[in-house]
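Top line first, the protein sequences correspond to chains H and S. Going by the working numbering, the first sequence opens with residue 1, and the numbers climb by one from there. Going by the working numbering, the second sequence opens with residue 1, and the numbers climb by one from there.
The set of hints was computed from the structure by calculation and includes no laboratory data. It cannot be assumed that every hint is accurate.
What the hints assert, rightly or not - Listed next, the in silico DSBU-like pairs over lysine-lysine satisfying Cα-Cα at most 35 Å (straight line): (1) 4/H / 142/S; (2) 142/S / 65/H; (3) 326/H / 146/S; (4) 326/H / 65/H; (5) 142/S / 326/H; (6) 326/H / 311/H; (7) 65/H / 146/S.
Said to hold, decoys possible - What the simulated footprint calls covered on chain S by chain H, stretch by stretch (three residues with Cβ under 8 Å from a Cβ of chain H suffice, anywhere in the stretch; the number is not a length): (8) 105-118; (9) 128-134; (10) 143-154.
As the list claims (entries may be wrong) - Selected chain S positions facing chain H (in silico; Cβ < 7 Å): (11) 23; (12) 58; (13) 76.
Remember, it's a predicted structure, so these values are computed and weren't measured experimentally. Cβ atoms here follow ideal geometry from the backbone N, Cα and C, with glycine treated the same way.
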Amino acid sequence: MDMKIPNPVRSAFAPTPADDDRVIVNIGPSHPATHGTVQIITELDGEKVLRADVHCGYLHRGFEKECESHTWHNLIPYVDRLNYCSGLINDFAYCQAVEALMQVQITPRCRMLRTLLGEYSRIADHITCVAAALMELGAMTAFLYLMTLRDYIYEHLADLTGARVTYSYGRIGGLARDLPNGWLKRLEQVLVEYETYIGRIHGLMDHNRIFIDRMRRVGMLSQAQAIAYGCTGPMLRSTGLARDLRRDTPYLAYADLDFEVPVGILGDNYDRYFVRMREMDESVHMIRQCVDLLPAGPINADDPRCVLPDKKLVYREIESLITHFKLIIDGPRVPAGEVYSAQEGANGELGFYLVSTGEGQPYRVHCRAPSFVHMGVAHLMLQGGQLADVVPTFGSINMIGGECDR
Amino acid sequence: MDANLLERIRHRLTPAAAELPVAHGIPVLALGASQWLDTARTLRDEFGFDMLLDVTAVDWPGQPLRFEVVAHLYSTSDLLRLRLKSRVSESAPVIASLVPLYASAAFIERECHDMFGISFAGNADLRPILLYEGFVGHPLRKDYPKRREQPLVRYRQA
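So here's chain H without its partners, still in its complex pose (with noise of 0.2 Å):
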């Protein structure tokens, strides 16, 4: 049998190097010290980076394609997969795009409890690349730390959702269910839990002298070269540059929020982190907003063309056991049209483009990844920099597989 298999890649590089000094050295796609699959394809001098070209794709599945074949509300489980760090954000802004195409005004409670979980969502986020980050620097301490807490976020999100990771729990015109009893008391505890390790953290790394020189000065990128490069979310904010969909246009709830936009200076490695790490304190102080604000009452629209009627019912009256049937069976009918919309994701911005032309599935779906646009720019961030930056740069840019390769 012939086992040769065919280079899935083709490199801008010629295998060998015209000067002596000089070597090619291929990294990933599964190296162990990047988190992610991609493959980076360096030329070096010694341990400096000449060049590099970074290659996505690995995980590619087909995500748009699958989407054309199913009802509206069946993508919902695939956009959770997209950053699978944040699967929350993705339902919500899934969904958003879609009621824009069906013009469905969201409940009161529905738009303060998709604030609130969003922002839980960006926290989780925010601590699995600070935590995979550190840990490439050999901070395995701050590591645990961060890695305990975000598992006492996942677990109380499967309290609410059953699911620790993919929730599936967005519904167009509303979400999955309501908050169990108790929820929020437990939210308020692990607020608490999360203000101790963060506070650890800090005093772990922001003064450390190794943490400092491993990250100051790395992997910089001027706020230019961030716009011209389609940069947005921390990428683009560690530049100094205040952009935030959150506050510039604001959607859901923000505009009745109080919190602040972190930037940074330098646009290096750092300013990466610590921009993060300040989003999560703003995240916490939202949340706490968004508790004292929600409001009684439904979280469902109400709207038979997209909003599946209540269980009892189907099983009671023929009109609602013909509402699911065909909500089920044919998938809302959207209006034919075509709609982007976007929301601030924890990475950047992740936009849907949808095309419908009014049948119960998709024309076309597609998903603004900031990941995929950030890979576009990472060979500049990796350049100039030594062979050892190359992870804790790329972790930096929090690529995330599920939502880069689609």
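The hints should help you fit chain S onto chain H, whose structure is shown.
The following block gives chain S in isolation, referenced to the frame of chain H:
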């Protein structure tokens, strides 16, 4: 949304200052493929659309110009979004690349080339990015069967 700015864009860029349709909050400029780069340059230089967020396409088989190329621009100063749309044919799916204006186009257009087979003239690096070398066809075209597999490594025979 800044109505004044939209008005100026309408006067500057639509033929005979026609209506500028707004689809769910985003103004849409439909262009001929030949105006793609020039219009984007005007939008960037005169109207401050400094960020290219996304380039993708929609396949409409059976229509004379089969592929609709869609780009989303953003102005970080005016916080305004804009959608550019253009059509290219199945026989010559070529449109100008936005790489001379936006560095982000280099990567984003590679994906669109992978998925739809649209060539971006002026993008020097259209190697596969989400797919792999040797992949035949363009999976997001409507005539690409969902179940077609092209494994690089052969499946083990049971």
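Evaluation of the provided hints:
A hinted pair counts as satisfied when its Cα atoms are at most 35 Å apart, and residue 4/H with residue 142/S qualifies at roughly 33 Å. For the suggested pair residue 142/S and residue 65/H, the alpha carbons sit about 9 Å apart, so the restraint of at most 35 Å is met. For the proposed pair residue 326/H and residue 146/S, the alpha carbon gap of about 25 Å is at most 35 Å, so the pair holds. A distance of roughly 24 Å separates the Cα atoms of residue 326/H and residue 65/H; the hinted pair therefore holds under the 35 Å criterion.
Between the alpha carbons of residue 142/S and residue 326/H the distance comes to roughly 26 Å, so the proposed pair stays at or under 35 Å and holds. A distance of roughly 14 Å separates the Cα atoms of residue 326/H and residue 311/H; the hinted pair therefore holds under the 35 Å criterion. Pair hint residue 65/H plus residue 146/S holds up; C-alpha atoms about 7 Å apart against a cutoff of 35 Å. Coverage of the stretch 105-118 of chain S by chain H holds [criterion: at least 3 residues with CB-CB distance below 8 Å; count 5].
With a threshold of 8 Å between beta carbons, the proposed coverage of the stretch 128-134 of chain S by chain H holds, since 7 of its residues qualify and at least three are required. As drawn, the stretch 143-154 of chain S meets chain H at 4 residues by the rule of a beta-carbon pair under 8 Å; at three or more, the given contact holds. Annotation: interface hint on residue 23/S holds; nearest CB of chain H at approximately 6 Å, less than 7 Å. Given the 7 Å rule on beta carbons, the hint for residue 58/S holds: about 5 Å separates it from the nearest Cβ of chain H.
Proximity of residue 76/S to chain H holds as hinted, the smallest CB-CB distance being about 6 Å (cut-off 7 Å).
No hint from the list above goes unmet by this structure.
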